[in-house]
Structure formats: structure tokens, C-alpha cells
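Number of protein chains: 2
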Amino acid sequence: MSKNCRFAVAVHTCALLGMEDGQPLTSEWIAGSVNTNPVVIRRILSALAKAELVTSIRGSNGGSLLAKAPEHITLLDIQRAVDDDDTPALHNQPPNQKCPVGRGIQPVLRRVLDRAEAAREAVLATTLLAEVIGNIRACQ
Amino acid sequence: MSKNCRFAVAVHTCALLGMEDGQPLTSEWIAGSVNTNPVVIRRILSALAKAELVTSIRGSNGGSLLAKAPEHITLLDIQRAVDDDDTPALHNQPPNQKCPVGRGIQPVLRRVLDRAEAAREAVLATTLLAEVIGNIRACQ
DNA sequence: TCCTTTGTAATGGTTGTTATTACGGTTACA
DNA sequence: TGTAACCGTAATAACAACCATTACAAAGGA
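Going down the list, the sequences are from chains A and B. Take the first sequence: its letters are residues -7 to 132, numbered as in the working numbering. Take the second sequence: its letters are residues -7 to 132, numbered as in the working numbering.
Treat the hints as calculated values from the structure; they're not laboratory data. None of these values were measured; they are calculated from a predicted model. Fair warning: there could be bad hints in the mix.
When chains are identical, the list treats them as one kind, so a pair holds in a single copy or across two.
[To be verified] Calculated pairs, SDA-like style, for lysine to any residue (alpha carbon to alpha carbon, straight line, at most 20 Å):
{"hint": "1", "residue 1": "K60", "residue 2": "E109"}
{"hint": "2", "residue 1": "K90", "residue 2": "A23"}
{"hint": "3", "residue 1": "K42", "residue 2": "P86"}
{"hint": "4", "residue 1": "K90", "residue 2": "T18"}
{"hint": "5", "residue 1": "K(-5)", "residue 2": "A61"}
{"hint": "6", "residue 1": "K(-5)", "residue 2": "L57"}
{"hint": "7", "residue 1": "K90", "residue 2": "E44"}
My request is simple: use the sequences and hints to build the entire structure.
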């Protein structure tokens, strides 16, 4: 479980954009809904734009729009856009290579953790932004 | 993906204990294999003991032992023992409740993330410490 | 030209993690 | 009955990640 809230803010942002279809929203407006600073939103939007999930219009009357229909954006797309998935080192210092366990533990653990992470991502990959928007609408 | 290495150190420690069956290992010895400070190991062992996965013998000739056979310890047991699973708040500040999305986003997201986390834990729950030890032995 | 808006750099505060020192309690053994 | 070898845990410092905020350059409409 990641320790930052970029993913939550990114999904929140995309849901707003998806519900106001075609209407560009400013970072300040989005920040008002998320309850944070507009610059935080712009950083998230910048990451989403690099992944080609949103586009931005600069200047007066500008703002951001979804680049794809919510039916074509998965939560995994969003997660990959905003969370650097550089898998952190298992151990902080490399373990003692003179010990059989020290030598063998890392590849073994890595394999298991990769399988576990793949299972987690499979759930996100099958959840569409459109479903999230539908659920939000349903609980009003 | 968690950002600390407690889980890796805990599995490493349990694998050592499981391979030296019956022989108590000192925190200093384990620290030599993990390549860290003995106090770090003792903290991990303390958490593992609270979860009744290991026992410790104090005093001279003391050390730690597995409390169960490696066939009866899953990686999920170990993870739960050393990682506080207090699910962090999705948003840092609660979102704006006057906005429909701000009101609805958190329960919806929480549900999806709980499902994703359950899928991840299912993999850890079906991986036994005994398998890890077997894999380490196999790649010597 | 002026105003609005994005894009991004720089900075400070907060929090989580690891390493390390220190010290008290426990136990085997001479 | 000492003493040495252990564990258990508190305290602290160093370090990194993250977020909020200020600041400012660049873009674009009126």
C-alpha cells in the first residue's frame, strides 16, 4: 500500500474531469474539491498528461480535460501515471553474500512480491474510471 | 508497495531460524547475515514474538527460535506481524463535502483498494516459509 | 496590453525509517 | 555469588519522502 495520496488525488481529479465532460476545469477549481493547493493538482495533472490521460489548455479560460473516454481509462493507468513504480530495495544494505540465506533471499523474495503485486494490479486494471464515476453518482 | 524493509528482514530472519532448526540464533549473528545492527533485528524479533511466530531465550547461550514449523507460517503472517496495516488516509485533508465528488470519492476508492489489497494478500497467504526455505536451498 | 491560467523550481515543515548508543533485566556457568 | 552473554526497549540523530506554499516565467484570450 503506497504511502502518499497522489493516487487518490489523481482519481478524484479524473472523476471530476469525467463528470464535467468537455468543460475544462482549472487547477484552482479542482483544488477546491480535493481540498489542497492548486500547485499540488497541477503536478498531478502534469503526470497524467505525460501518460496521455489528460490534456491542458493554457491561458485565459484554460483548464484540463480528459484525453480519453472514462470507459477507456483504468485505475491502473492512473496509478502508473502518478506513482513511480521503482521497486524499492528489499534490504537497505545488501545482505551478507557469505551466508547462504543472504545470497539466496533476495531473488526468492522478489519473485513472490512481484506475483503479489501483479495480483493487486490485476484488480486495478479491471476497474474503469467510468465505474468509479458511476459509483459516485449512485451514492448521491 | 511498502517503503520499509521490515518485511524483507523479517522473512530473512525467519528463514535463518527455520534452517537452523532447534538451534537458537543470537540477534548479533542474524544481524551479520542481514547486514544491519543487532537492535534492528531485536525489534523485528519482538514484533514476530508478539505474533507468536518466534520465541526468545534470554540470558547466556540464549537466542531466538521459530515457534511453529515453517510449513505453518505464511508470508502474510510475517507481513502482518511487522507492518502496521493502519490503512493510511486516502486524502491528506478530507475532501470538500460540498462537492458531489468530494463526498463520494473516498468510500468508492476505499472499496476498490481493499479488493486490490486482498488480492495481493491472497498471494502472500498461500506462500509458506517452508517454500521460501526450499527455494533458497535450491539456488545454492 | 492586460488578465487568466498552466508549468515548474525552490523551500520549509512534518513524518516515517534506520542506525546507533545506552542501559536494565535474565540466565548459564564457573 | 560473580560475571559474561543475551534480550528488550528507550532515546536520539541522520536521512529521505511527501505535501503545502511562494514565486515566477510562459502561453493565450479579450
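Checking against the hints above, which ones are violated?
1, 3, 5, 6, 7
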